[in-house]
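Using the hints, position chain F against chain H.
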Amino acid sequence: MSKCKYCGVEILDDAVKCPLCSGVLDGKKEEGHTYPDVVSGVRKTTVLYRIFSFAFIVIASVCIALNVWLTPTLRWGEIVTCSLAYLLWLGYIILKDNAGYRIRILSGVAGAVLLIILIDTFLGFSGWSVSYVLPAAIILLDLALAILMLINRRNWQSYLILQVAMVLVGIVPLVLIRIGIVTQPLVSDIAFLVTVFMFLGSMILGGRTARIEMKRRFHI
Amino acid sequence: MAKDYIRWDKLDNTANLFPVIAGESMTNTYRISCVLKEEVDEGLLQEALDMVLPKMPGFNLRLRSGIFWYYFEENGKKAPRVHEEHTYPCRLIHQSKNNSYMFRVTYYKNRINLEVFHVLTDGMGGINFLRELTYQYLRLAHPKLRETQGDQLSADTSLNREDSFLKNYKKKSKSVYQSKRAFLIKGEKLAYDGFGVIHGYLPIPQLKKVCHAYGVSINEYLVATFIWAAYQENYRHITEDRPIRVAVPVNLRPYFDSITTKNFFVMVSAEFAPQKNEYTFAEILAITKDSLRAQINKEHLEKIFSYNVSNELMVVARAVPLFLKNLAMRLVYTQSALANTTTVTNIGNIKVEKVYEPYIQTVHSFLSFSKGQSLKATITSYQDTLVYTYTSAWQDTAIQRRVFRQIAQDGIDVKIETNGVYYE
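Protein chains in written order, with this note's numbering: chain H, 1 to 220; chain F, 1 to 424.
Extracted from the complex, chain H is given alone in its bound form:
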């Protein structure tokens, strides 16, 4: 067993220096570690993350500069930059250890909608992103919820609260119609109706299980 003569303590690790004072240890070293080497793995991931971030900055800067010099009337540099940022973020969400599949799906779709609205804006905002893409994404998410409820039948009722959230999200395009941002209301109306019918359908078909789930979720 090694000993640190400065600290007056024995060191059980396989080490040449004292972890407390960095003094050189006296005596025989212990064999093996009692904890895994985490640092080298973390170091590799961090390096990869930095390489991607640096590549993003370089590509985005070059695209914006070329855009300004060559075709200043069409804002494609910003579109490329935002698309790359979305891809990076999507990669992060997918690879992130702690993100559940619901977070991945919801944030992936929300990010895509935001990107499309930005692209529409960069192209002069003719409103197609909010008139068609936003309500279409709401319908898509609602259908995804229905599929998840069928797949996870043992626990289907846990998606009811997300359906409530979808009804609230479905109101957003209606508000946009009201304030004049959305000029083609058809898809928005359909999206809202889909969210309402999906929720009502789940509540009626779900019967007692659905009612108990809502009671749990709304307990005060």
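Hints were generated in silico from the structure; no laboratory data involved.
Please note that the accuracy of each hint is not assured.
Derived, one-sided and incomplete: chain F residues facing chain H with beta-carbon distance under 10 Å [claimed, not checked]:
id: 1; residue: Y5
id: 2; residue: V35
id: 3; residue: E73
id: 4; residue: H86
id: 5; residue: I407
id: 6; residue: Q409
id: 7; residue: D413
id: 8; residue: G420
id: 9; residue: Y423
BS3-like cross-link-like pairs, simulated, lysine-lysine; straight-line CA separation at most 27 Å [what the hints assert, rightly or not]:
id: 10; chain 1: F; residue 1: K298; chain 2: F; residue 2: K180
id: 11; chain 1: H; residue 1: K28; chain 2: F; residue 2: K37
id: 12; chain 1: F; residue 1: K10; chain 2: F; residue 2: K167
id: 13; chain 1: F; residue 1: K208; chain 2: H; residue 2: K3
id: 14; chain 1: F; residue 1: K209; chain 2: H; residue 2: K3
id: 15; chain 1: H; residue 1: K3; chain 2: F; residue 2: K37
id: 16; chain 1: H; residue 1: K28; chain 2: F; residue 2: K415
id: 17; chain 1: F; residue 1: K189; chain 2: H; residue 2: K44
id: 18; chain 1: F; residue 1: K167; chain 2: F; residue 2: K325
id: 19; chain 1: F; residue 1: K37; chain 2: F; residue 2: K144
id: 20; chain 1: F; residue 1: K189; chain 2: H; residue 2: K96
id: 21; chain 1: F; residue 1: K415; chain 2: F; residue 2: K354
id: 22; chain 1: F; residue 1: K109; chain 2: F; residue 2: K78
id: 23; chain 1: F; residue 1: K209; chain 2: H; residue 2: K5
id: 24; chain 1: F; residue 1: K77; chain 2: H; residue 2: K215
id: 25; chain 1: F; residue 1: K55; chain 2: F; residue 2: K144
id: 26; chain 1: F; residue 1: K10; chain 2: F; residue 2: K170
id: 27; chain 1: H; residue 1: K5; chain 2: F; residue 2: K208
id: 28; chain 1: F; residue 1: K351; chain 2: F; residue 2: K298
id: 29; chain 1: F; residue 1: K351; chain 2: F; residue 2: K109
id: 30; chain 1: F; residue 1: K172; chain 2: F; residue 2: K298
id: 31; chain 1: F; residue 1: K78; chain 2: H; residue 2: K96
id: 32; chain 1: H; residue 1: K17; chain 2: F; residue 2: K415
id: 33; chain 1: F; residue 1: K189; chain 2: H; residue 2: K17
id: 34; chain 1: F; residue 1: K77; chain 2: F; residue 2: K97
id: 35; chain 1: F; residue 1: K289; chain 2: F; residue 2: K174
id: 36; chain 1: H; residue 1: K5; chain 2: H; residue 2: K28
id: 37; chain 1: F; residue 1: K97; chain 2: H; residue 2: K44
id: 38; chain 1: F; residue 1: K10; chain 2: F; residue 2: K97
id: 39; chain 1: H; residue 1: K28; chain 2: H; residue 2: K17
id: 40; chain 1: H; residue 1: K28; chain 2: F; residue 2: K109
Quick reminder that beta carbons are idealized off the backbone N, C-alpha and C, glycines included.
The following block gives chain F in isolation, referenced to the frame of chain H:
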């Protein structure tokens, strides 16, 4: 289709806070480890977990967000997968990962690790579960043990899940929490969000002798070593306005005759606010002892949790949507978290059944960091050894050095083990 009735339960008073403040940098996860005298077999550990989990209703849960409150729901999924430890300890336990369980089981060489999100239970509940898991593992690894012991839970294990805060709440009380900011340790953090662990193994007979000579308890002595170390290392920064305050969780079960496996503890604070230029270790020890003894009595402890429970019971507050409650709780938490320099928690003396003792070498535990507290300490005892563990995000180990040097100077044989991050 799902069954109509899914068992569900409200969170206890303390647990309400943990999901609100939990994040990657403040995971509110603690680890209790049992070191065996043999290498751990992954397959057998998984089998043991599969067998024990359905019998422990306090762990067979998932956390759900309601509109007004978080709540627990019976989980019922397969037990989480046991795997070899390959990351830093006490990482965030996410609601929707790990088969939605709020604990994880890992192993490394001879050690079984149980990491628990504090929302589920405090140290007592964690020990209950780890002990049963280890017993079952040993019975599977040693069939002779299984023949004599069977697969049932031990008679020492509690399955009680009452909310002892609510049960013992009598009347509304004023806040007794410190909100004045304490001295906070600062420094250079370990590279790559490192998580440093230093275990100090101390022989209990020697420790008892030293504490007896000083006229203090082991807990008071060890808390005082931290205050002494922090004072020595940050002499100029510690003033009456910025005192050292050590949060000490107190297990309320012995005071209120409870065996609940939900959280049932409150925090008291040992305070050292210097009023002269020089202090000796003995003086700091006396101040620590007086500060703790003035607070650790049934009446004061009841006042602390009564204030919390009365807030929870306010009808108007109950009807506030969860996201607004979360904002308010975060604000209050930040204020109270910065009122403490660190936390020193004593998990207590872990007892195991005689028949399993020959297979178990030691038990230790530690805490993750929290806001303003990137260095914390935990005390765990098993048989004749006490493990005083420091977890830290700081590169500098000056405080740990002062602590263990002081203990060694007092004539106690100190053995140190780390998780290797300080050798990088």
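query: So which of those numbered hints doesn't the model satisfy?
result: none
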